[in-house]
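*Asks:* Each chain, written out:
Protein chains: 2
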Amino acid sequence: MNYLKTVVFVLFCLISCTNAFAQKHPSLMLTEIQLPHIRTGVQQYPLLQTSYESLKAEADLALKSPLNVPIPTDGGGGVTHEQHKRNYINILNCGVAYQISQDKKYADYVKDILLNYASQYQKWPLHPKRKPNHPAGKIFWQGLNDCVWQVYVIQGYDLVYNALTTKERQQIEQNLFMPILKFLTVDSYETFNKIHNHGTWNVAAVGMTGYVLNQPDYVEMAIKGSKKDGKTGYLAQINQLFSPDGYYMEGPYYQRYALLPFILFAKAINNYQPQLNIFEYRDKLLAKAINTSLQLTYTNGVLFPFNDAIKDKTYESIELVYGLNLAYADIKEENHLLEIAQKQGKVIVSDAGLKVAKAIAAGKTEPFKYQSQWIRDGGNGDEGGVGVLRAGDNKDQQALVFKAASQGMGHGHFDRLNILYYDNNTEVFVDYGAARFINIESKRGGHYLPENTSWAKQTVAHNTLVVDEKSHYQGKEELGEKQHPELLYFSNQPLLQVLSAKETHAYADVDLYRTTALVKIPEFHKALLIDVYQAKSASSHQYDLPFWYNGHVVNASFKINAFTNHLTALGKDYGYQHIWKVAENNIDAKGGFITILNQKRFYTTHFTSGQPLVVKQIAIGANDPDMSLFPGKGFMLSQPTANQQTFVSITEAHGGVDPINETITAAGSGISNLTLLNSDDKQTHISFQLKGKTYNYTINYQDKNNYITFK
Amino acid sequence: MNYLKTVVFVLFCLISCTNAFAQKHPSLMLTEIQLPHIRTGVQQYPLLQTSYESLKAEADLALKSPLNVPIPTDGGGGVTHEQHKRNYINILNCGVAYQISQDKKYADYVKDILLNYASQYQKWPLHPKRKPNHPAGKIFWQGLNDCVWQVYVIQGYDLVYNALTTKERQQIEQNLFMPILKFLTVDSYETFNKIHNHGTWNVAAVGMTGYVLNQPDYVEMAIKGSKKDGKTGYLAQINQLFSPDGYYMEGPYYQRYALLPFILFAKAINNYQPQLNIFEYRDKLLAKAINTSLQLTYTNGVLFPFNDAIKDKTYESIELVYGLNLAYADIKEENHLLEIAQKQGKVIVSDAGLKVAKAIAAGKTEPFKYQSQWIRDGGNGDEGGVGVLRAGDNKDQQALVFKAASQGMGHGHFDRLNILYYDNNTEVFVDYGAARFINIESKRGGHYLPENTSWAKQTVAHNTLVVDEKSHYQGKEELGEKQHPELLYFSNQPLLQVLSAKETHAYADVDLYRTTALVKIPEFHKALLIDVYQAKSASSHQYDLPFWYNGHVVNASFKINAFTNHLTALGKDYGYQHIWKVAENNIDAKGGFITILNQKRFYTTHFTSGQPLVVKQIAIGANDPDMSLFPGKGFMLSQPTANQQTFVSITEAHGGVDPINETITAAGSGISNLTLLNSDDKQTHISFQLKGKTYNYTINYQDKNNYITFK
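Top line first, the protein sequences correspond to chains R and V.
Following the numbering used here from start to finish, the first sequence increments by one per residue and tops out at 711.
Following the numbering used here from start to finish, the second sequence increments by one per residue and tops out at 711.
These aren't lab readings, by the way, just hints derived from the structure by calculation.
Watch out, some of these pointers could steer you wrong.
Here are the simulated DSS-like cross-link-like pairs (lysine-lysine), alpha carbons at most 30 Å apart as the crow flies [said to hold, decoys possible]:
no.: 1; chain 1: R; residue 1: Lys311; chain 2: V; residue 2: Lys600
no.: 2; chain 1: R; residue 1: Lys343; chain 2: V; residue 2: Lys395
no.: 3; chain 1: R; residue 1: Lys581; chain 2: V; residue 2: Lys520
no.: 4; chain 1: V; residue 1: Lys600; chain 2: R; residue 2: Lys343
no.: 5; chain 1: V; residue 1: Lys131; chain 2: V; residue 2: Lys691
no.: 6; chain 1: R; residue 1: Lys600; chain 2: V; residue 2: Lys559
no.: 7; chain 1: V; residue 1: Lys364; chain 2: R; residue 2: Lys129
no.: 8; chain 1: R; residue 1: Lys581; chain 2: V; residue 2: Lys395
no.: 9; chain 1: V; residue 1: Lys64; chain 2: R; residue 2: Lys691
no.: 10; chain 1: R; residue 1: Lys600; chain 2: V; residue 2: Lys395
no.: 11; chain 1: R; residue 1: Lys600; chain 2: V; residue 2: Lys311
no.: 12; chain 1: R; residue 1: Lys129; chain 2: R; residue 2: Lys56
no.: 13; chain 1: R; residue 1: Lys691; chain 2: V; residue 2: Lys129
no.: 14; chain 1: R; residue 1: Lys395; chain 2: V; residue 2: Lys526
no.: 15; chain 1: R; residue 1: Lys131; chain 2: V; residue 2: Lys476
no.: 16; chain 1: R; residue 1: Lys64; chain 2: V; residue 2: Lys476
no.: 17; chain 1: V; residue 1: Lys343; chain 2: R; residue 2: Lys395
no.: 18; chain 1: V; residue 1: Lys129; chain 2: R; residue 2: Lys64
no.: 19; chain 1: V; residue 1: Lys693; chain 2: R; residue 2: Lys64
no.: 20; chain 1: V; residue 1: Lys581; chain 2: R; residue 2: Lys581
no.: 21; chain 1: V; residue 1: Lys131; chain 2: R; residue 2: Lys581
no.: 22; chain 1: R; residue 1: Lys395; chain 2: V; residue 2: Lys311
no.: 23; chain 1: V; residue 1: Lys332; chain 2: V; residue 2: Lys364
no.: 24; chain 1: R; residue 1: Lys559; chain 2: V; residue 2: Lys64
no.: 25; chain 1: V; residue 1: Lys581; chain 2: R; residue 2: Lys572
no.: 26; chain 1: R; residue 1: Lys311; chain 2: V; residue 2: Lys616
no.: 27; chain 1: V; residue 1: Lys616; chain 2: R; residue 2: Lys572
no.: 28; chain 1: V; residue 1: Lys616; chain 2: R; residue 2: Lys600
no.: 29; chain 1: V; residue 1: Lys616; chain 2: R; residue 2: Lys395
no.: 30; chain 1: V; residue 1: Lys581; chain 2: R; residue 2: Lys559
no.: 31; chain 1: R; residue 1: Lys311; chain 2: V; residue 2: Lys311
no.: 32; chain 1: V; residue 1: Lys559; chain 2: R; residue 2: Lys129
no.: 33; chain 1: V; residue 1: Lys616; chain 2: R; residue 2: Lys129
no.: 34; chain 1: R; residue 1: Lys64; chain 2: V; residue 2: Lys395
no.: 35; chain 1: V; residue 1: Lys600; chain 2: R; residue 2: Lys64
no.: 36; chain 1: R; residue 1: Lys559; chain 2: V; residue 2: Lys343
no.: 37; chain 1: V; residue 1: Lys581; chain 2: R; residue 2: Lys56
no.: 38; chain 1: V; residue 1: Lys343; chain 2: R; residue 2: Lys600
no.: 39; chain 1: R; residue 1: Lys693; chain 2: V; residue 2: Lys64
no.: 40; chain 1: R; residue 1: Lys600; chain 2: V; residue 2: Lys526
Remember, predicted model here, so these are calculated numbers, not experimental data.
Please construct the entire structure, taking both the sequences and the accompanying hints into account.
*Replies:* This is the structure:
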């Protein structure tokens with residue numbers, strides 16, 4: 001860390017020596033010097049053109065609507081909440097529209113609404129809908145939203161600055177922005193100095209405002225913390241919130257959200273104090289964080305939804321448009337980013353967006369380079385991580401996600417060694433994500449539902465092993481925070497991609513080992529998902545391994561015989577109370593298979609454990625009085641009692657149906673005779689047949705140089 | 001019908017006077033005279049080019065695969081079944097590829113495979129997987145597929161005719177096609193003379209083969225029936241299978257399927273005997289049938305799935321590509337058809353496809369003209385019908401489908417006065433369609449499942465009224481066939497679109513009246529769905545009105561309180577045994593509302609009946625031991641006991657969520673105070689408030705000139 005220390009020291013000096021900033025406006029996402037090029041660019045480059053047109057249409061809509069700055073009253077999703085959100089978006093849009101069109105009506109809108117806010121803001125108390133033990137805002141129920149508001153609004157102000165009179169500026173700065181700076185740094189002292197995404201939004205709001213208002217003291221606090229000692233503030237957050245691989249411990253959904261204030265503030269720092277080389281900081285950490293965010297998506301654009309996550313969230317979200325634009329324009333012109341920019345369908349109307357749109361118009365787009373990789377978690381990169389294996393091209397890609405990361409704080413789920421599996425641009429083995437209807441007031445005011453704790457976070461809601469119907473770490477965050485899984489092996493050889501990890505603290509006396517792989521046999525189009533889950537204990541336990549799937553069961557090696565006239569809940573606690581037991585079958589030691597038809601393709605999962613098993617068909621929805629849970633189906637491999645247990649499965653993607661032409665191909669799986677030959681501390685050895693040929697797959701747990709053999 | 005009689009008489013004379021046909025090859029979908037234009041067209045017009053490229057790629061794949069003419073063994077979806085299907089497609093593709101590319105290798109493929117069939121066909125007995133009481137084939141388990149095979153293969157033969165030696169032709173004609181003609185007309189006499197889509201495929205196969213082989217006798221039989229008296233055969237089928245509006249009584253899914261042999265044979269007749277003016281027959285019936293097929297789709301391309309229907313079926317299916325191409329090229333050049341051709345993404349590589357692709361390339365495309373219309377059912381147009389109301393443009397259209405048609409023979413459902421509702425390019429109130437996994441052998445060999453009868457056909461599986469937990473006509477086809485609903489009123493005024501019909505025979509002593517409407521209030525973006533369902537009886541009954549929806553309940557006027565630890569089936573018979581009762585609420589006489597979030601838009605259904613009601617939350621899946629039923633959710637308005645009952649509902653589409661930007665608009669419905677003021681034989685009068693204004697909606701059952709008032 002000597003390199004890091006030196007950088008930090010140099011930065012400290014630079015910051016401390018700076019007393020005032022160049023006061024050109026605008027100087028944030030759009031700069032005076034690039035403005036003429038953007039003005040012509042919106043007529044030349046299609047993506048910039050449509051992005052500007054849609055922004056301008058919204059700005060025009062804002063101009064047509066009555067100016068509305070209501071007294072803050074409602075919680076998330078409510079009328080005043082949504083109005084203040086719309087206002088900050090309008091302020092930014094009109095600011096940009098003013099600079100591009102040079103039509104003063106847009107600047108007048110920003111002026112009028114800011115003067116209105118300035119006339120009221122100081123009269124507002126803390127928000128009436130604030131919650132105990134949660135930092136309050138004044139404009140919104142939580143302080144976080146006030147910070148976001150300010151990050152947008154200060155940009156809008158910067159954009160119309162030159163259109164305002166000195167008196168108008170004074171009114172706005174003295175009655176609105178300076179009080180906000182005080183509120184964010186003094187009244188919200190704790191959040192301002194927190195190493196947390198709420199803290200990042202706060203320091204970004206303060207720092208960007210500090211630059212625009214030429215208040216170096218606030219900028220210094222934003223970068224180094226209230227005490228200016230570097231223990232808190234922006235740099236401390238970069239140091240502590242991301243792993244060396246740019247992974248944010250709360251997971252992709254919050255990584256995306258956390259990213260925006262980091263990069264907006266970075267851009268501001270880079271414009272006002274280029275000598276700080278902020279994009280180089282911590283071995284180009286911000287570039288890595290942006291890249292890792294994109295690598296944590298599937299080809300359909302959706303962010304891998306482990307931990308608390310709203311499942312519809314894609315890389316089209318504005319944070320990743322900003323991220324990609326800045327990564328391309330200010331960090332490194334990697335042309336494969338342009339494919340995603342095209343799929344995002346927009347750029348930021350800004351210096352960076354200009355570059356991206358220009359490059360696309362010049363035909364520089366290359367396919368995005370999805371990587372098979374192990375992404376380390378933890379400030380030092382030594383607290384487990386997330387593995388992603390990919391096979392196939394960007395049009396029809398298999399992706400296997402392996403969650404072996406740290407707990408992820410309050411938004412973490414108890415899903416150690418969980419897997420998610422994607423193919424054919426859709427989910428195959430799924431993660432429920434979060435139980436939350438964001439912004440929908442009738443569903444608990446848009447907050448996380450009680451079912452987020454009782455269901456979504458629990459182990460059984462995931463595709464990983466549950467012991468004795470209890471969640472990992474008894475479902476207690478404080479216990480989970482202390483431990484993390486350990487990577488045993490990672491390989492990204494094209495034909496044999498493997499991730500193997502162990503988790504030995506989730507249960508008092510059971511050690512969990514999972515080795516999951518995408519194995520490509522050259523004659524076959526699709527890789528096989530080979531999954532070996534070993535549980536070891538000195539005493540006897542119940543072991544349940546659910547696979548939550550999308551699609552519909554169309555075949556099985558056994559007659560399912562679902563319950564007919566009544567259903568009961570599978571258990572009483574740890575999420576089991578939310579599961580309906582739909583069917584239960586005893587399977588002999590040979591194992592069996594289940595075939596699912598999902599988005600017109602077949603997936604057959606062959607399974608065995610070398611012992612008799614119980615297979616349960618399960619469905620989400622029990623103990624859900626408000627009907628808040630989304631439907632979902634799974635099958636669960638279950639061993640009622642054993643010390644050692646190894647679950648082996650191979651999932652083959654095969655054939656498909658064409659409902660338009662009513663044709664069908666390869667409805668049957670090619671695999672047969674899946675056999676667990678032995679499984680112990682040293683080795684797990686399985687064999688199976690495919691088109692008349694026998695294959696052997698061996699995991700050598702104690703031999704890192706020869707961890708997997710396949711022949 | 002004098003006009004019709006005259007046409008038929010003229011046709012009879014013309015056909016009878018014809019003894020031999022012009023023997024140019026090819027003369028079916030591609031003709032000698034157009035071939036040079038098609039050959040240049042595949043290089044000029046993008047849609048023809050990509051269509052040909054994809055056809056040629058498949059032809060090339062066929063050439064690379066080993067020639068395989070297996071002895072017929074397997075049922076639907078099985079290996080030999082799929083192989084013989086692939087063969088007929090390959091034969092046609094290679095025939096076309098030969099004529100376009102003039103590369104003899106494609107003709108050689110067709111020659112080799114046909115000689116192979118010719119060497120085997122006569123040895124094959126009736127198919128071993130044939131079913132009792134179902135016409136058997138020789139190549140396939142049912143005779144229908146043999147006919148389809150022949151319709152494709154005769155086209156392939158016609159295309160390579162000139163590349164064969166006389167001896168080769170003789171071998172193929174004498175050992176394959178002549179025996180097939182005999183099989184289809186003699187061994188399958190009954191089907192050949194049946195007024196049914198199986199009959200149409202049969203006569204088309206026979207007639208087209210008759211033309212190509214210059215066998216006028218077979219052509220005449222195909223057109224006029226075995227006895228050549230016109231009581232059966234092609235013309236009789238046109239007369240009897242379609243209503244005067246071109247509606248095919250089995251519903252859209254089978255209409256599409258039935259259409260293909262009609263139009264292929266029509267094209268053949270038109271080419272060989274243009275003097276018959278077949279496209280003019282029965283007041284341009286075939287043109288109407290094609291148009292009606294397209295009008296029975298929603299903007300997402302899906303055919304309205306009432307009666308037995310596979311729900312993924314869209315207008316992209318090959319039958320409607322043929323239909324559209326011929327309608328445009330041979331009947332009338334309506335440029336609005338080109339929008340659908342573009343969405344189909346292909347044309348037939350043929351004379352007709354050339355015209356369509358050329359017109360699209362010339363920029364003639366116009367938006368497809370979806371119509372609000374009443375489509376009559378029955379040979380004379382007097383057996384009820386299907387109503388479709390549309391509001392909004394093709395990008396975001398509301399569509400309300402009202403099923404008041406005749407039973408629809410064996411594929412009909414017991415769903416009198418059912419409604420389907422679409423918006424935002426998706427289903428809102430849904431029809432289950434058929435319970436069938438077509439071609440998937442593990443699911444009952446791909447045939448209809450037992451659940452098709454026990455669930456999909458039953459009344460409660462639809463959005464219509466069930467009395468005393470029994471289906472319409474006791475679920476008996478023979479009873480349903482005797483009766484049909486009666487249209488009371490239809491209006492397609494832009495602001496007040498209404499369909500009203502009665503069904504007075506579905507139950508012994510209950511009369512059903514439903515009036516369903518799309519009502520547009522100019523200030524509001526979306527029309528309101530106002531639905532009034534009146535049941536009248538002298539005695540007391542239980543009345544259940546289910547609404548099966550897509551999406552998720554996010555709000556209700558009452559606390560739902562779903563059952564927590566166990567679920568039970570809703571009933572014992574008529575489909576009720578397949579429903580889980582999820583929740584049950586008593587609602588007072590004022591009624592209430594339920595809000596559903598579906599594809600990011602809100603739908604609030606306000607309901608009342610002026611009396612206390614029970615509202616049940618229901619889900620599909622009980623008594624389904626093989627897990628064959630797809631999941632589905634509904635709410636059911638239920639009146640445990642009453643003589644007269646009127647259910648009133650208004651469904652408002654409003655607002656939406658944007659998960660990418662995490663914003664929300666208009667989560668609450670604007671409607672309030674829905675009140676049923678009175679409902680009797682003469683009138684139903686309701687009122688409601690919307691944004692502070694009171695609206696009155698009155699149905700005057702006895703006044704056709706003033707049936708609805710709304711103010």
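*Asks:* With a cut-off of 30 Å on the C-alpha distance, tell me whether R/Lys600 and V/Lys526 pass.
*Replies:* violated (34 Å)
*Asks:* CA of V/Lys616 to CA of R/Lys600, is that 30 Å or under?
*Replies:* With a Cα-Cα distance of about 33 Å, the restraint between V/Lys616 and R/Lys600 is violated, given a limit of 30 Å.
*Asks:* Would you mind confirming whether the straight-line C-alpha gap from R/Lys600 to V/Lys559 stays at or under 30 Å?
*Replies:* violated (38 Å)
*Asks:* Would the pair R/Lys600 and V/Lys311 pass a check requiring their Cα atoms to be no farther apart than 30 Å?
*Replies:* holds (13 Å)
*Asks:* Hinted pair, alpha-carbon criterion (30 Å max): V/Lys559, R/Lys129. Please report holds or violated.
*Replies:* Roughly 23 Å separates the two Cα atoms, so the pair holds.
*Asks:* Are R/Lys693 and V/Lys64 close enough, with their CA atoms no more than 30 Å apart?
*Replies:* OK: R/Lys693 and V/Lys64 at ~24 Å, within 30 Å.
*Asks:* Does the alpha-carbon distance linking R/Lys691 and V/Lys129 stay inside the 30 Å limit?
*Replies:* Status holds; Cα separation ~27 Å.
*Asks:* Could you grab the alpha-carbon distance between V/Lys131 and R/Lys581 and see if it respects the 30 Å cut-off?
*Replies:* Violated, at roughly 37 Å.
*Asks:* Does V/Lys64 pair with R/Lys691 here, judged by a C-alpha cut-off of 30 Å?
*Replies:* Holds. V/Lys64 to R/Lys691 sits at ~21 Å (cutoff 30 Å).
*Asks:* Given the hinted pair V/Lys616 and R/Lys572, is their Cα-Cα distance within 30 Å?
*Replies:* holds (26 Å)
*Asks:* V/Lys600 and R/Lys343 were given as a pair; does the straight-line alpha-carbon distance stay at or below 30 Å?
*Replies:* holds (20 Å)
*Asks:* Given the hinted pair R/Lys64 and V/Lys395, is their Cα-Cα distance within 30 Å?
*Replies:* holds (25 Å)
Of the numbered hints listed earlier, those contradicted by the structure are 3, 5, 6, 7, 8, 12, 14, 15, 16, 18, 21, 24, 28, 29, 33, 36, 37, 40.
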